[in-house]
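K.L.:
As they're listed, the protein sequences go chains A and B. Just so you know, the first sequence maps onto residues 4 to 579 in my numbering. Just so you know, the second sequence maps onto residues 175 to 476 in my numbering.
In short, the hints are calculated from the structure, not lab data. Any given hint could be a false lead.
Computed spacing ranges between beta-carbons, pair by pair [to be verified]:
#, chain 1, residue 1, chain 2, residue 2, range
1, B, Pro269, A, Glu7, 36 to 44 Å
2, A, Leu410, B, Asp230, 27 to 35 Å
3, B, Pro406, A, Asp163, 25 to 33 Å
4, A, Ala133, B, Pro294, 49 to 57 Å
5, A, Gln173, B, Asp462, 38 to 46 Å
6, B, Asp391, A, Asp163, 37 to 45 Å
7, A, Arg291, B, Asp462, 40 to 48 Å
8, A, Thr271, B, Gly312, 43 to 51 Å
9, B, Gly312, A, Arg291, 31 to 39 Å
10, B, Pro269, A, Arg290, 22 to 30 Å
11, A, Arg290, B, Val286, 36 to 44 Å
12, B, Ala412, A, Arg200, 20 to 28 Å
Backbone N, C-alpha and C fix where the C-beta goes; we use that ideal spot for every residue, glycine too.
This is what each chain is made of:
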Amino acid sequence: MAREAVVIGSGAAGSVTAWELARHGWSVTVLERGRHLRAGLGRRPSAKLGTRYGSDEIKSARRLGFPDGLLEPYTARTQEEARAGVARSAQGALGQLGAAVGGTSLHYNAKFPRFFAQDFHQRSDLGPVAGAQVADWPIGYDDLAPYYDEVERRIGVQGDRDAMPARTLQQSPRTRQFAMAPNPTPYVGRLLADAARTVGYTAFPQPAAVNSRTFQGRPACNSCGLCSGFGCPINARGDALVTWLNPAVRSGRVRVIARAFAYRVDTTRDGRRATGLRYVDADGRRRRVAGDIVVLAGSPINTARLLLLSAGGAHPDGLGNRSGQVGRNMMFHNFTLAAAVLPQDVHPNRGQSNGLQVDDLMGPFTGGEVRALGVPYVKGGLVQVGGGVPLLTEAAMLAGYLGHGELHRRAMDAGFLHARVAGSQLVGEDLPQAENRVDLDPRVKDFRGFPAARITYSPHQHEKAAALLLGPRLEAWHALVRGALGAAIIPFPLISTSIPATAHLAGTARMGDDPRSSVCDAAGRLHEVDNVYVADASTFPTFPGFNPTNTIMANALRIARGITDARTPKQRGGAR
Amino acid sequence: MDGRDAGARAPGVTRRVVLRDGTAVALAVLVAGPLAAHGDVAVAVTPGEAAFLTPDELRALRGLVDVLIPGADGALASGCAEAIDALLGAFVVAPPRIYAGAPFSDRAGSPVNHFGTFLPLDAYETLAWRLRIEGSQGRPQLEFNGPVTGWQHVYREGLRALDAAAPGGRFAALPAPARELLLRTTDDADIGALVDVAFPHTYEFHYGAPEYGANRDLMSWRATGWAGDVQPRGWTRAQIEEAGGAPAGAREQELLRELLPAAPLAASGELAHNVLARSGGSLTTLRDELAGIARKAGRRGA
Numbered sequence: 004m005a006r007e008a009v010v011i012g013s014g015a016a017g018s019v020t021a022w023e024l025a026r027h028g029w030s031v032t033v034l035e036r037g038r039h040l041r042a043g044l045g046r047r048p049s050a051k052l053g054t055r056y057g058s059d060e061i062k063s064a065r066r067l068g069f070p071d072g073l074l075e076p077y078t079a080r081t082q083e084e085a086r087a088g089v090a091r092s093a094q095g096a097l098g099q100l101g102a103a104v105g106g107t108s109l110h111y112n113a114k115f116p117r118f119f120a121q122d123f124h125q126r127s128d129l130g131p132v133a134g135a136q137v138a139d140w141p142i143g144y145d146d147l148a149p150y151y152d153e154v155e156r157r158i159g160v161q162g163d164r165d166a167m168p169a170r171t172l173q174q175s176p177r178t179r180q181f182a183m184a185p186n187p188t189p190y191v192g193r194l195l196a197d198a199a200r201t202v203g204y205t206a207f208p209q210p211a212a213v214n215s216r217t218f219q220g221r222p223a224c225n226s227c228g229l230c231s232g233f234g235c236p237i238n239a240r241g242d243a244l245v246t247w248l249n250p251a252v253r254s255g256r257v258r259v260i261a262r263a264f265a266y267r268v269d270t271t272r273d274g275r276r277a278t279g280l281r282y283v284d285a286d287g288r289r290r291r292v293a294g295d296i297v298v299l300a301g302s303p304i305n306t307a308r309l310l311l312l313s314a315g316g317a318h319p320d321g322l323g324n325r326s327g328q329v330g331r332n333m334m335f336h337n338f339t340l341a342a343a344v345l346p347q348d349v350h351p352n353r354g355q356s357n358g359l360q361v362d363d364l365m366g367p368f369t370g371g372e373v374r375a376l377g378v379p380y381v382k383g384g385l386v387q388v389g390g391g392v393p394l395l396t397e398a399a400m401l402a403g404y405l406g407h408g409e410l411h412r413r414a415m416d417a418g419f420l421h422a423r424v425a426g427s428q429l430v431g432e433d434l435p436q437a438e439n440r441v442d443l444d445p446r447v448k449d450f451r452g453f454p455a456a457r458i459t460y461s462p463h464q465h466e467k468a469a470a471l472l473l474g475p476r477l478e479a480w481h482a483l484v485r486g487a488l489g490a491a492i493i494p495f496p497l498i499s500t501s502i503p504a505t506a507h508l509a510g511t512a513r514m515g516d517d518p519r520s521s522v523c524d525a526a527g528r529l530h531e532v533d534n535v536y537v538a539d540a541s542t543f544p545t546f547p548g549f550n551p552t553n554t555i556m557a558n559a560l561r562i563a564r565g566i567t568d569a570r571t572p573k574q575r576g577g578a579r
Numbered sequence: 175m176d177g178r179d180a181g182a183r184a185p186g187v188t189r190r191v192v193l194r195d196g197t198a199v200a201l202a203v204l205v206a207g208p209l210a211a212h213g214d215v216a217v218a219v220t221p222g223e224a225a226f227l228t229p230d231e232l233r234a235l236r237g238l239v240d241v242l243i244p245g246a247d248g249a250l251a252s253g254c255a256e257a258i259d260a261l262l263g264a265f266v267v268a269p270p271r272i273y274a275g276a277p278f279s280d281r282a283g284s285p286v287n288h289f290g291t292f293l294p295l296d297a298y299e300t301l302a303w304r305l306r307i308e309g310s311q312g313r314p315q316l317e318f319n320g321p322v323t324g325w326q327h328v329y330r331e332g333l334r335a336l337d338a339a340a341p342g343g344r345f346a347a348l349p350a351p352a353r354e355l356l357l358r359t360t361d362d363a364d365i366g367a368l369v370d371v372a373f374p375h376t377y378e379f380h381y382g383a384p385e386y387g388a389n390r391d392l393m394s395w396r397a398t399g400w401a402g403d404v405q406p407r408g409w410t411r412a413q414i415e416e417a418g419g420a421p422a423g424a425r426e427q428e429l430l431r432e433l434l435p436a437a438p439l440a441a442s443g444e445l446a447h448n449v450l451a452r453s454g455g456s457l458t459t460l461r462d463e464l465a466g467i468a469r470k471a472g473r474r475g476a
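Just chain B, with the same shape it has in the complex (with noise of 0.2 Å):
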């Protein structure tokens, strides 16, 4: 079965699947039965783990993420859902979740992973994100440009519209190719501001160290053949120097060829990394910088 592939996935495909994993026994366990008879996507929090969203709120996230990035280990499973409520909370716990202690985890040689505790914010750094996800509420003195509307505001509204958009209310109970479908033709604003914040969120707690709160059980880095952090361990010279494994199969090399224009985005990590910084953690500036490659390369518009 290919679990990845959304379109063709029935909402109990994904408990079984989520039912394989032994660490997601227990959740799944605690809500397989009522969720089940929604018809509702089948992985939980821990109760009392929410740290901002109520749980309404937090199931409609569940089927949000699960089609930003989908399959049976997607960004449901990952805990991406979660991840982003943590951060929504971040200031509830001290020090907030925000920044990974250094230098090491414990994935490649470190007896001590230093990942694990979170590093102290300054004075500084609190002001930036608190205003980020908290927004400015109203405060002159953080509105020295205008107002700000945090991700509490943004996720708040857009997830409420995102229910209200689902014709039984519950966006989450859709099956995964009519949510999908619906924030493919929605013009709800509310929904357009989340998902501009949801997805990058959710990419970033999928593939990001684990400490972060998702990419449980390396689930992603799995998927795709991504060593993860590899201090202080490093690469020996000859794993530097040898050749590459077995070439991809045809259907990848098929979309290999098909993606060939966007190919030099990876010959410089300082220009992704620059290109990221300015997009704010918004896709859509995102897509608006890289717009223009698409078109101009002959290639998909945005």
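Isolated chain A, as found in the complex (with noise of 0.2 Å):
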């Protein structure tokens, strides 16, 4: 008889457990809190999928398919704030992923680089900074790359081994050229990097889970640049709806429960065990769902929300907290934007978004420079390189910036942001913090009735050196783009106090050997409970300065192919 699964959201983390449990048999709910989006789950095979999606970006500034801020808030205060009693400084659509039936994966940028071998050992190598938590991972790079091979296999990525910097495929080597060639270099793309190359700086296609050519019946993707944000309205992306969880469900072994929002995991008296889930469902109704096993993978504020929304019994404050480590060390990337204003249209637009990538800001730095800084070592993350926004956002942000009237008339006319700039932004790496967590809101709770995800965070010294040190490197490099007006940085681990506006977050849930500072082991399994694994980002023990998205999906397949070949019966087949 199959072996029964609940799996708790059908994101990049989710699909794919989804996808490999049912490959091996077992019978799979997957529990979503998003409603579909795209039409024909299930019933026809992705290349032939509908989409509620297309380039509108009213559409997307009105968030279809996130959660809805009123209905569903998080609320956030800073370390300085929680130290003075400060209950919440901010409340609403904060932090939040997406909430659809293929999670944030959706909509996102698909880009997909892989963490480098050196973050897996950070601990060891650099040795501990004061206030942060650093850890080594349970894994090494070796046990994930067969991982990160197989998910890029099967999702279709493009890029150029060719063209990657020796060190970048000394830290992520790779056994193969990629399965297709880059999307078309926009001019915008050239400009910055000959400037990067004028700086010592390589600019290389950074790697997209994007088509360019037909993929598995999907087309190739035809630049719109309308990436992030929108969902890819010609099925050109692969994600994870279309790679895992489609071709899950049309096993016929997988059943997805969409506006099904999980409150509680049940466990037996003893707290050894999971019996099964509880969830609110699309009417409102309480239900439950049994299960042999119970996967968190929706993301990492949410399964912490999760883990303490089921303390109770022998797990008094939370559902595998006798670490006190769930919902700490929540993490986000932190952001240093650079840009040169043009006297020219360049095009921001007019190509896939961020088609090219540097490593040369990656780190990790030290010497008396750094030091100078206050901490030990500074590691940066990847440059994504030639960015833009469209018009509404444009409108919006200069809306921030000049506020109403005859400035804001003229800048948008001047086309300044969606037209003149060539951009691109450093994907800091956070460091963990036991201070920077997740926990419930005493008071502020959602529409269902319970308590929202309180989220305390700030940057730690670490975060700010980075940006002392890279940013003004960042704004050289931009300075010298040809026929600029000038450069200009924004480091928002020096300006902002709020969390950190991205969809990259993990921690909450990290992984590690010692029970008594981790939450789950190198498995995914909680310490504390025999059936319970966590899938997502929230394992994550620390958060390198990457794309999260192709380790997300590899390190899901890992845990998940760590659950079949431990309690799978010796039958294969189905999921294709």
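Build the complex from these two chains, which are given one at a time in their own frames, with help from the hints.
P.N.:
Laid out in structure tokens, this is it:
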């Protein structure tokens, strides 16, 4: 008889998990708090799915496929506010990832780099950092490499291994060339690449799960430029849904319950085994689903919230929280943005967004210059080169900057942000801190009556030091863009006290070998509960500066295969 | 004539410019007489289109959007007031005009305009958008975090306050520079709350797809050189790789230099999207978010 699994979340981690379990004969129920947005799920091949997305900026601004900030707010405060007893200083759509069948990957930027080998043993290599909980991963790059290979092969990744710098290949070795050649490099990318060369940096095509040719029946990307925050209207992007979830549902072993909000993992009296999961369905009815295992894959804030909501009995402080680490080490990437302004229209939105990558600011950087900044080392991250914002986003940014009226209008007509900027973003590493944490807000609730997730967050001195060290380098690079009127940077860790405005989230249920300092083991299993796994980025002990989806999928596949290897009766085949 | 220079424009000039536009002729003719007599702004609503606001409220709103995005092809002419009114009355029609259809308009190679039909909302989305538009109105099940003031109330009270603040009792009858100055100097909380949501709505409708009710004749896309939605045609390799066009004029370049500290905001669509999301549609929150950037980059305070 098939074994039963309950998976919470249908995004990058949950879809991969469901696919892998189904392939090994498991019967899987996926609970997703968002709605269906791709017509034909489970009934048609992925190449034939419909979509509710278009190149429609109003739809994007109105957040189709996201949780609603009124109905399901998160709250936030800084560490300093927390120490002063401030319960919250912000409330709304804070740090919220997408909520739709397929998760945030429906409208992600599809950038698909791998982490570096050095990231998995940072604590051993570089030592401790005061005020941070830097830890080695319980796995190494080599453990993840075969899963990177498999994920990339299935999802379809474009890139050019021959153009990658030697250090990138040494730190993230690849056994073969990418499945697809890169999209054409836009004019703005070439301008920035030329300037990078003058300061000794190498720009190369950023790996992306975007088709540059027909792949699995889905068409090639036509470089419309509206990627991040937009669903791909032509189905040219590999994502959790088309690559994993839809094939899994078509196997007949996976059912997806949309608009299902999971609020409690039930356990046996001794707390050692989960017996099922409670959720609220689309009609507001409270329901329960049983399973042999429960896999949490709802993304870091939601995974922590569910573990904390499951407190009781043998788990008074939250499920699997004897270590007190559930919700802690919440990490966001800290961006430093850079831009050159040019007199002519450089078409920043023509081309797959951020088509190039620079790894020269990855680090670690050490030495006197760094110690002068009060930290033992600085790790930056990759630089995404050649980003752009579309028109309505420009109008909003300028409204925040200039207010209404004549000047706003003139800046818009001049095409300031959507036409005349060559820009890049440094995806800065965020060190884990005990006090950067998710807990349950004591007062603010969601519309179902459950406590909201509350995020306490402040950047560590490391993030500020990284911006101080690397921001000027970014600025110098952009100032050398041919014909530029000038260059500027926005180093968010130095400027903003809010939680970073990013969809890159990790931490809250870190994996590790020691149950006293981690929430789950290397297999993703809660130290304290035999059949509850965490498969999403909650498990990451550190959060190096890379777009995380490839690593989320590879790690979820690794965890899921651990489950199938250990727990599957000998029956195979199915989901393809 | 620079029709965008609100400071130099008299109300009559607006009407002349609008009259040059064929599609606006009928509308302008409808109202030219009586409005001209009041020195009012010169674009009307087609009779029967009003969804929520009264004619007086809509008139005040037209006067407001005209200063938020000024110009002969600004928010007034592009239909932003009418689009906002339709948003306030979104649930009068089914499906409500919240999310346009997909995947394509008919502007870039699709024979069918899918944007022209709106998507049905599910129960969750209906609850969220009704709460946002109509407010909680004292219903306990919607006040799980306290009362929510809906946009309908914000507009109704704010527009009333605008008229009350105008010396003659009609905000829209004031010349544009006077309307702008009134907005700049008022301490009225209802007017502040109005502008807080009305400017985001105005730029959303003005610069967004025309199926949402404004951006008539793609006037904002023409003015800004924006290509609009380009799917399913996309861009050719030659278009992607081609160098930029002629450089901006001296006056524009001066402006670009002045705005330089904000330029990095264009570097990350993802970040911008998230900044916008947490503003919750509030201009004040958005300005608070970006105020540090402005201040610390040595530029304008917010």
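K.L.:
Would you mind marking each hint as holding or not holding in the structure?
P.N.:
Results of checking the hints against the structure:
no.: 1; hint: Pro269/B / Glu7/A: 36 to 44 Å; result: holds, 37 Å
no.: 2; hint: Leu410/A / Asp230/B: 27 to 35 Å; result: holds, 30 Å
no.: 3; hint: Pro406/B / Asp163/A: 25 to 33 Å; result: holds, 26 Å
no.: 4; hint: Ala133/A / Pro294/B: 49 to 57 Å; result: holds, 55 Å
no.: 5; hint: Gln173/A / Asp462/B: 38 to 46 Å; result: holds, 44 Å
no.: 6; hint: Asp391/B / Asp163/A: 37 to 45 Å; result: holds, 43 Å
no.: 7; hint: Arg291/A / Asp462/B: 40 to 48 Å; result: holds, 43 Å
no.: 8; hint: Thr271/A / Gly312/B: 43 to 51 Å; result: holds, 45 Å
no.: 9; hint: Gly312/B / Arg291/A: 31 to 39 Å; result: holds, 34 Å
no.: 10; hint: Pro269/B / Arg290/A: 22 to 30 Å; result: holds, 28 Å
no.: 11; hint: Arg290/A / Val286/B: 36 to 44 Å; result: holds, 40 Å
no.: 12; hint: Ala412/B / Arg200/A: 20 to 28 Å; result: holds, 24 Å
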